[in-house]
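Trainee: Sequence:
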Amino acid sequence: MRQQLLAWWEVHGRKDIAIKPWMFTTDGRWPEPNEDLSPYGIWIAEVMLQQTQLRVMRPYWEQWMLVLSTMQHLVAAEERQVLLLWQGLGYYSRARRLHQAARQLAASPLPSSLEAWLAVPGIGRTTAGSILSSALNRPVPILDGNVRRVLARLHGCLEPPQRAQASFWQWSEALLDPLRPRDFNQALMDLGALVCTPRTPSCQLCPWQSSCAAYAAGEPSHFPVQDASKPIPFQVIGVGVVLNEVGEVLIDQRLNEGLLGGLWEFPGGKQEPGEAIEATIARELREELAIEVQVGEQLIALDHAYSHKKLRFVVHLCRWISGEPKPLASQQVCWVKPEDLSGYPFPAANVRMIATLIDHLRADMLSQRS
DNA sequence: GAGTCGTGGGG
DNA sequence: TCCCCAAGACT
1 MRQQLLAWWE VHGRKDIAIK PWMFTTDGRW PEPNEDLSPY GIWIAEVMLQ QTQLRVMRPY
61 WEQWMLVLST MQHLVAAEER QVLLLWQGLG YYSRARRLHQ AARQLAASPL PSSLEAWLAV
121 PGIGRTTAGS ILSSALNRPV PILDGNVRRV LARLHGCLEP PQRAQASFWQ WSEALLDPLR
181 PRDFNQALMD LGALVCTPRT PSCQLCPWQS SCAAYAAGEP SHFPVQDASK PIPFQVIGVG
241 VVLNEVGEVL IDQRLNEGLL GGLWEFPGGK QEPGEAIEAT IARELREELA IEVQVGEQLI
301 ALDHAYSHKK LRFVVHLCRW ISGEPKPLAS QQVCWVKPED LSGYPFPAAN VRMIATLIDH
361 LRADMLSQRS
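Just so it is clear: in the first sequence, position 125 is 125 by UniProt numbering, and no numbers are missing.
Calculated from the structure, these hints are not laboratory results. Here the structure is a predicted model, which is why all the values come from computation and not from measurement. Hints are not guaranteed to be accurate.
Straight-line distance between alpha carbons at most 27 Å, and here's what the computed DSSO-like set of lysine-lysine pairs gives [what the hints assert, rightly or not]:
| no. | residue 1 | residue 2 |
| --- | --- | --- |
| 1 | K270 | K230 |
| 2 | K326 | K337 |
| 3 | K230 | K309 |
| 4 | K326 | K270 |
| 5 | K230 | K310 |
| 6 | K270 | K309 |
| 7 | K310 | K270 |
Each pair of labels, with its calculated beta carbon distance range [unchecked claim]:
| no. | residue 1 | residue 2 | range |
| --- | --- | --- | --- |
| 8 | A355 | N34 | 45 to 55 Å |
| 9 | G145 | H12 | 14 to 24 Å |
| 10 | A76 | R14 | 30 to 40 Å |
| 11 | A355 | A119 | 37 to 47 Å |
| 12 | A216 | E275 | 55 to 65 Å |
| 13 | T52 | E79 | 17 to 27 Å |
| 14 | V225 | C334 | 47 to 57 Å |
| 15 | A18 | R319 | 42 to 52 Å |
| 16 | R97 | Q368 | 45 to 55 Å |
Ideal placement from N, C-alpha and C gives every residue a C-beta, glycine not left out.
Could you put the whole structure together from the sequences, leaning on the hints where they help?
Mentor: Have a look at this one:
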């Protein structure tokens with residue numbers, strides 16, 4: 001089994017420096033079994049890879065390593081810079097925990113045991129196993145989405161993986177090649193990503209076809225067995241882009257707990273039943289910032305889907321009337337020149353609002369001149 | 001232990 | 001207001 005997979009991986013695996021640059025030695029080679037890699041870049045990559053596809057995270061990793069190329073750089077960095085480097089990747093607590101962990105570990109070398117890595121904020125069993133097998137070639141199993149799917153099919157598991165965690169970990173551990181754990185774990189994930197894919201797996205190309213229970217059963221794509229998904233709630237959010245008399249715009253930093261923690265945003269909140277959206281915006285700004293505004297024209301309306309809710313943002317330009325803004329429901333608030341908004345980390349939906357705002361202000365300038 | 005936490009790609 | 005999913009962790 002192991003040799004079949006490794007032989008497949010030697011030919012078809014994702015072992016290109018352009019694909020997984022963190023997996024290569026400083027002189028550009030895939031490491032030999034007795035060679036260690038510096039764990040810093042691998043740590044950053046593995047955290048970025050949590051619930052995130054390789055090709056999506058790679059440009060973020062490249063940029064991160066240009067700016068925060070060492071542990072010392074990360075320790076010294078401000079949180080705003082860390083979140084800016086993460087902007088667009090999602091699950092922003094990953095970035096804040098990474099920053100926090102770096103500061104905790106600043107004095108000592110990075111951990112080299114499973115227990116020590118598991119104690120690091122943001123590191124669970126899969127990420128710890130991936131770091132240790134990747135960097136130090138330690139025989140520690142992993143159980144990510146790829147491996148879970150491969151194992152579910154291989155064993156023809158009729159139980160949803162969430163309910164059979166223990167079995168899946170045992171399978172992963174039993175399969176792991178004790179001599180080449182680094183290559184084997186990479187091969188297992190590459191198999192899931194390239195061959196044993198969620199929708200239409202390429203069983204004809206699979207080195208484990210003859211061992212696969214799901215293939216034998218005739219319907220590999222029916223595995224892993226799914227839990228029934230629950231309906232996702234939908235809400236309308238009124239958002240105010242508040243401008244003062246000198247043309248600055250009001251933004252606030254969200255609390256660290258909860259959705260989009262630590263990021264900046266234009267203030268607003270949920271529309272209540274029967275409420276006009278203009279009234280929602282005026283009310284939310286009164287409740288959360290203690291200011292009075294005149295709600296003006298709509299800037300944009302946009303739908304945005306999160307993991308477990310869908311929102312429609314209805315964004316209106318507002319004129320500030322009175323009241324010094326107070327962070328009653330946020331970490332801090334401030335007035336910012338529109339051209340300085342790029343210095344603050346915003347969620348994706350807000351980035352779209354900013355682009356529209358900049359366009360709008362530019363058009364305003366032109367029409368006033370003519 | 002079920003919910004919470006983002007975003008972009010692809011069917 | 002499609003759907004599912006991704007190198008999961010934390011509460």
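Trainee: Take the hints in turn and mark each one as holding or not.
Mentor: A quick look at each hint next to the structure:
A distance of roughly 22 Å separates the Cα atoms of K270 and K230; the hinted pair therefore holds under the 27 Å criterion. Simply put, K326 and K337 have alpha-carbon atoms about 18 Å apart, close enough for the 27 Å limit, and the pair holds. Distance restraint check for K230 and K309: the Cα-Cα separation of roughly 11 Å lies within the 27 Å cut-off, and the hinted pair is therefore satisfied. With a C-alpha separation of about 19 Å, the suggested pairing of K326 with K270 holds against the 27 Å cut-off.
Between K230 and K310, the direct Cα distance comes to roughly 13 Å. Compliance with the 27 Å bound is thereby established for this hinted pair. Using a Cα cut-off of 27 Å, the hinted pair K270 and K309 holds, with the two alpha carbons roughly 13 Å apart. A threshold of 27 Å between alpha carbons decides the hint, and for K310 with K270 the separation of about 12 Å falls inside it, so the pair holds. For the pair A355 and N34, the supplied restraint of 45 to 55 Å holds, since their beta-carbon distance comes to about 51 Å.
Separation of G145 from H12 is about 19 Å and conforms to the stated range, judged on CB atoms against 14 to 24 Å. Remark: the range hint 30 to 40 Å for A76 to R14 is upheld by a beta-carbon distance near 33 Å. Hint check: A355 to A119, Cβ distance near 41 Å, so the stated range 37 to 47 Å holds. Range check, A216 to E275: Cβ separation about 58 Å, and the 55 to 65 Å hint holds.
In this structure the supplied range 17 to 27 Å holds for T52 paired with E79, their Cβ-Cβ distance being about 20 Å. In this structure the hint that V225 and C334 lie 47 to 57 Å apart at CB holds, the actual value being about 50 Å. Against the hinted window of 42 to 52 Å, the Cβ-Cβ separation of A18 and R319 comes to about 51 Å, which satisfies the hint. A C-beta distance of roughly 47 Å is found between R97 and Q368, which places it inside the suggested range of 45 to 55 Å.
In the structure shown, no violation is registered for any of the earlier numbered hints.
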